[in-house]
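Engineer: With the hints as constraints, model all of the structure from the sequences given.
By my numbering, the letter at position 47 of the sequence shown is numbered 1321, and the numbering carries on one by one without gaps.
Since the hints were derived computationally from the structure, they do not count as laboratory data.
Don't take every hint at face value.
[Stated by the list, open to error] Computed spacing ranges between beta-carbons, pair by pair: (1) D1363 to R1447: 26 to 36 Å; (2) V1392 to Q1457: 13 to 23 Å; (3) T1381 to R1351: 17 to 27 Å; (4) F1372 to A1454: 12 to 22 Å; (5) P1362 to E1436: 38 to 48 Å.
Ideal Cβ placement from N, Cα and C applies to all residues, glycine included.
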Amino acid sequence: MRLVRVVLAGEGGQGVQSVAEIMAEAAYEEGKQAIYIPNFGLEQRGGVSIAFLQVSDRRIGAPKFNKADVIAALSQRAIARTRIYSGPDTIFMYDSSFKVKEEDLPTQYKMILDIPAVEKSKELNTRVFNVIIMGAVLELTDMIPIEATRAALEKKLGYKFEKNPELREMNYRAMEVGRALVQNRLKGREMICASMT
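Structural biologist: See the structure below:
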């Protein structure tokens, strides 16, 4: 597996750091190299929180990187904060509920992908919005098996799942919803491209 670099960004409280930590744990348990670096905004509350994650089968040379393979911007302000990490090979993903102007988006990218994660989280439970995003990132990168991610989720949230078993199924479902959102969005793009040829 090649080195995969991911940037997750959102408002404080959106669970960006938890998701990055879960994915790093899952990668480690799979015998992969993983580095997770949290970065918090200057504001103590309500600032943009960024998580930098790298996963590889080989030793990772540097803890920091300039350009990501995947960026998931979970808020309007997160889009502006993460544009600098987008390069010609980056998939830049954000929520379709944001009113985004073209000038807000990065100028360099491989693909810009908008998915209705907020809308879907309202159908399930808004508390699993970040897990939907995690599923979407896993689908885009294929860096960690779903079963390993479920095990890491269990390790992180098992005590909550024991108190409320419905939470377990809700989180597992949220991961699958995130994966399906990406699959459907990419399939839609393929159909548009096919009809244009």
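Engineer: Next, verify each hint and record whether it holds.
Structural biologist: Comparing the hints with the structure gives:
1. In this structure, D1363 and R1447 meet the distance hint of 26 to 36 Å, their C-beta atoms being roughly 31 Å apart.
2. Roughly 18 Å separates the CB atoms of V1392 and Q1457, a value that falls within the hinted 13 to 23 Å.
3. The beta-carbon spacing between T1381 and R1351, approximately 18 Å, falls within the hinted interval of 17 to 27 Å.
4. The hint said 12 to 22 Å for the Cβ distance between F1372 and A1454, and at roughly 20 Å that hint holds.
5. Our hint of 38 to 48 Å for P1362 and E1436 holds, since their Cβ atoms are close to 46 Å apart.
When held up to the earlier numbered hints, the structure conflicts with none and fits them all.
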